[in-house]
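Participant: Just so you know, the protein sequences line up as chains A and B, in that order. Number 598 marks the last residue of the first sequence (the numbering used here); no jumps. Number 598 marks the last residue of the second sequence (the numbering used here); no jumps.
I should point out that these hints are in silico values taken from the structure, not numbers from a laboratory. Quick caveat, the model's predicted, so the values are computed rather than measured. Quick reminder that beta carbons are idealized off the backbone N, C-alpha and C, glycines included. Watch out, some of these pointers could steer you wrong.
[As the list claims (entries may be wrong)] Stretch by stretch, here's where chain B covers chain A in the computed footprint (C-beta under 8 Å, at least three residues):
1) 103–112
2) 222–232
3) 279–285
4) 310–322
[Unchecked claim] Using C-beta positions, here's what the derived DEER-type ranges look like:
5) A:Pro343 / B:Arg186: 31 to 41 Å
6) A:Glu339 / B:Ala497: 26 to 36 Å
7) A:Glu548 / B:Lys173: 18 to 28 Å
8) A:Asp418 / B:His127: 31 to 41 Å
9) A:Ser457 / B:Val545: 54 to 64 Å
10) A:Asp543 / B:Gly291: 36 to 46 Å
11) B:Arg165 / A:Gln552: 25 to 35 Å
12) A:Gln133 / B:Glu591: 35 to 45 Å
13) B:Pro563 / A:Asp418: 56 to 66 Å
14) A:Pro343 / B:Val549: 50 to 60 Å
15) A:Gln347 / B:Leu488: 52 to 62 Å
16) B:Lys173 / A:Gln347: 17 to 27 Å
17) B:Glu246 / A:Ser171: 29 to 39 Å
18) B:Arg519 / A:Glu548: 54 to 64 Å
Protein chains: 2
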Amino acid sequence: MSDAKRSDLTRGILFTDEYQLTMAQVYYRLGLAEKPALFEHFYRHNPDYGQHQAGYCIFAGLDPLLSWMQEERLDEDELEALRSQKSRSGKPLFDRDFLEYLRRHGSFEGLSLKAIAEGRVVHPYVPLAMIEGPLLQAQLLETILLNRLNFETLIATKASRVREAAGKSTVLDFGIRRAAGEAGNAATRACLIGGADRSSNVGMSHVLGLQAAGTHAHSLVQAFMALGMSELEAFRAFAEVYPDDTVLLVDTVDVLESGIPNAIQVFEELKRKGHQPVGIRLDSGDLAYLSIRAAQMLDKAGFPETAIVLSSELDELVIWQIHTQIRQEAPRYGVDADSLINRLVFGVGTRMVTSWGQPALGGVYKLVAVYDGGSWKPAIKVSESIEKILNPGQKRAWRIYDDRGLASADYLTLAEEDPRTEPTIILRHPTDPGKQRRLKQNQCTFELLHEEVFRGKRLFDPVPLEVLRQRRKADVERLDPGVRRLVNPHEYHVSLSPRLWTLKTQMVEGLNPNRL
Amino acid sequence: MSDAKRSDLTRGILFTDEYQLTMAQVYYRLGLAEKPALFEHFYRHNPDYGQHQAGYCIFAGLDPLLSWMQEERLDEDELEALRSQKSRSGKPLFDRDFLEYLRRHGSFEGLSLKAIAEGRVVHPYVPLAMIEGPLLQAQLLETILLNRLNFETLIATKASRVREAAGKSTVLDFGIRRAAGEAGNAATRACLIGGADRSSNVGMSHVLGLQAAGTHAHSLVQAFMALGMSELEAFRAFAEVYPDDTVLLVDTVDVLESGIPNAIQVFEELKRKGHQPVGIRLDSGDLAYLSIRAAQMLDKAGFPETAIVLSSELDELVIWQIHTQIRQEAPRYGVDADSLINRLVFGVGTRMVTSWGQPALGGVYKLVAVYDGGSWKPAIKVSESIEKILNPGQKRAWRIYDDRGLASADYLTLAEEDPRTEPTIILRHPTDPGKQRRLKQNQCTFELLHEEVFRGKRLFDPVPLEVLRQRRKADVERLDPGVRRLVNPHEYHVSLSPRLWTLKTQMVEGLNPNRL
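Produce the complete structure using the sequences and hints provided.
Facilitator: Following this line, the structure appears as structure tokens:
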């Protein structure tokens, strides 16, 4: 088998868990494969990074998933791979008639997917996506959907926190080398949705319509020095090739004694030739202190505009600490803290693209209803913890804004309910019956959160990155500052309508209204 | 641009950091592009997961990287993407002659790569790979090499720890849904190298020649119940389709009151028809307690052989705890602890495929020498921390075994040194001059760790998974038990030869023997 073919098998519908296929055959054999089913994708907890926690998530990964769903169907090679699977009895695990069925129906043609718009702020328990269609196809979507949506949402959320911490400083994604293998591309996309201004990832930046960002590595200076030349000569060579794009890495030898003085000398040469030097980069040491000293030296030399790029194990807390230290210390060196912060560029890598502290979002994909006998029958899983019990049935989700225009709660109702017609809104915590709140209708504006985005095929063209970024920005700005803060955020209210609450408790008490 | 084309651009050589390309143009412009250079890939610290730490790593990811290196070269679309990049001046960032050079030389044809064999135990500071060849090509390999080798090594290491904790229990990789997007495939491969017996990932298992593992999900039981049927009917339906492969998930309703009794009933029906039931799965609750109770009930019903599959947020510490609790508690229930442990199957997901606790390995790719004037000139980077200072120059790495056949140290020497000819071996800690040890030649056996695996193309066919797994197993068994333990492991000794130590200290003191 050629390598290309081998890798194809791992990127299509067989990028799934074995049990999706074994269940599919059961559904097929029992005539349930085309029973309409409703699944929901949601997560239960915002990321907790240890000593700091997210108060919200940024939904990402939807657009690539929809493209994948539209293009994929089980092909001959994939069916052949399934045909080769053996039961413990030695017979084929999958029967010929079932594989024939998969040849015709092994795709996502029958599915409808309603989702919250990509780039938006999302909260626990509120479905990010609701999938309706033939039981077999909907089940077959589970693994890839979780894989794609959980990961990009996790990374976009981390990037949004980095963005919040960085304030007016620029943020660059430098993470591709430390990202999880091929997921480096999805990580780049998620970082750019979540708050990074640009990325060093060349291919993905190009595809997304951005210019990739970059400077040079220590190896450039090292190579020059190993060849008997100097740091200054390395800087000069770089500046000659990129006279209008010169960013110099100043910590290969000694930042204050060698790197910055050499950079200033090269900047002066550029200036004399009519070029504008762009900046320096610091990749080690006390970044707050060194950036103050760098600003001081660059200001004195007549380069108050050049950027100061910082990199090396950054995350939202380190950036927050750097800003804080600069505000406290810069004045002592005659450096204006705000100007310095404005010229800072944070190159954030490992800790953003891996969501350091919590490297997975526990999003789940759960069956909530099956259509039978002319109506939707709610489904529930009664496991041991009340928190894990599903919100059953067909639902709608609303975001409620207060009279200041801030989002005050997300509200889950039955599909046929319209809270805009209720005089008073009673909010019930999804897992804690003790928590209730009341809102008057005239204090509220309602927004329906889901839109159908796929019905056998994508219903919309891919959304430009810039639109996704604007959605994120607008939504974050409509959050209470307490929900936005980096440490110990307020819990945003997610609530069930009284009717949904009643359905859920009835089902839990009776295990199932239909039959056990 | 079609989606296929768009994704191609992100999977080839442009899966890289921008600065690799900007530096490449500098090297080209200065006539340095083809200067022979030597880079090393190594990491400085074994993963630290917080309250537990790795004492070694398992090297993985090499084979897919070599295939990629052999196939990739910059094509017309990729060059076009580079051509479209603009300087801040508005002019093209990359000149036509440079792009023409890349068209001819934008590949890895000129490189030689020496590496430790994939699957082997590796340690900090010892190069996992040494790359020699034209400076431009070697630099262009950095990002992808770090991305691929660091990630798979990280995950294989975690899997090896899970394997160590699981002892005689089986380990299944269930992680694909929670893995980082497309890296789910690389994670599966790394888990299988590192210690998982099988994986639920259908496509990747097939490509690696294994049968994928799987049971069914809660949704199967839920769907039946929503349709007015029972858990028992769901189990029976599954068993009818898979009479020789029946594993039943018993915690959708209530494990002890409903799930296990229903499973036993179906197992009895299977047995009467001459089939052997395979097992049950528990996915929530107190897994140690429930597995003891399950064993008790299954034993009593005459099914002492059926497997008990455990899943739900497992990692090496949770598995260790489950084993410990079983050894303490099982006898109270009349269950033999060893027999129970032998029938346990751990389905490990999120925490294995994300290396929970430390989601990135900080491997680096550093220039260590440049060939000039008839000899290799060592390169060094003098940054602020002694620990980060490179071991310069061309080197060899040896593993030293003691007279019991256990690995006692890895030993880095200059390329021309042969420690087998020295009467006494002096081991020096790579960063701490105070740490020294002496070994007598007659107490030691030496193994040279690196082999050339790529010279313009792969020099070997891909290594079968089973060979990689055997390498891991053999190497782990040759470690001191203190290095293998899960918490607070012994530090394995990695040492520099006196001549390498002297070269390094001379370079640090003089900054560079050539010229500053």
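Participant: Each hint needs a verdict: does it hold in this structure or not?
Facilitator: Now for the hints, and whether the structure bears them out:
1. 103–112: holds (count 8)
2. 222–232: Held - the segment 222–232 of chain A has 6 residues with a Cβ nearer than 8 Å to chain B, which meets the minimum of three.
3. 279–285: Per the Cβ count (4), the hint holds.
4. 310–322: Check passed, 7 qualifying residues.
5. A:Pro343 / B:Arg186: 31 to 41 Å: About 39 Å separates the Cβ atoms of Pro343 of chain A and Arg186 of chain B, which means 31 to 41 Å holds.
6. A:Glu339 / B:Ala497: 26 to 36 Å: The hint (26 to 36 Å, Cβ to Cβ) holds, given that Glu339 of chain A and Ala497 of chain B are roughly 33 Å apart.
7. A:Glu548 / B:Lys173: 18 to 28 Å: holds (25 Å)
8. A:Asp418 / B:His127: 31 to 41 Å: holds (39 Å)
9. A:Ser457 / B:Val545: 54 to 64 Å: holds (57 Å)
10. A:Asp543 / B:Gly291: 36 to 46 Å: Roughly 41 Å apart at Cβ, these two residues keep to the hinted range, so it holds.
11. B:Arg165 / A:Gln552: 25 to 35 Å: holds (30 Å)
12. A:Gln133 / B:Glu591: 35 to 45 Å: holds (40 Å)
13. B:Pro563 / A:Asp418: 56 to 66 Å: holds (59 Å)
14. A:Pro343 / B:Val549: 50 to 60 Å: holds (55 Å)
15. A:Gln347 / B:Leu488: 52 to 62 Å: Cβ of Gln347 of chain A to Cβ of Leu488 of chain B: about 56 Å, so the range 52 to 62 Å holds.
16. B:Lys173 / A:Gln347: 17 to 27 Å: holds (25 Å)
17. B:Glu246 / A:Ser171: 29 to 39 Å: holds (34 Å)
18. B:Arg519 / A:Glu548: 54 to 64 Å: This hint holds: roughly 60 Å between Cβ atoms.
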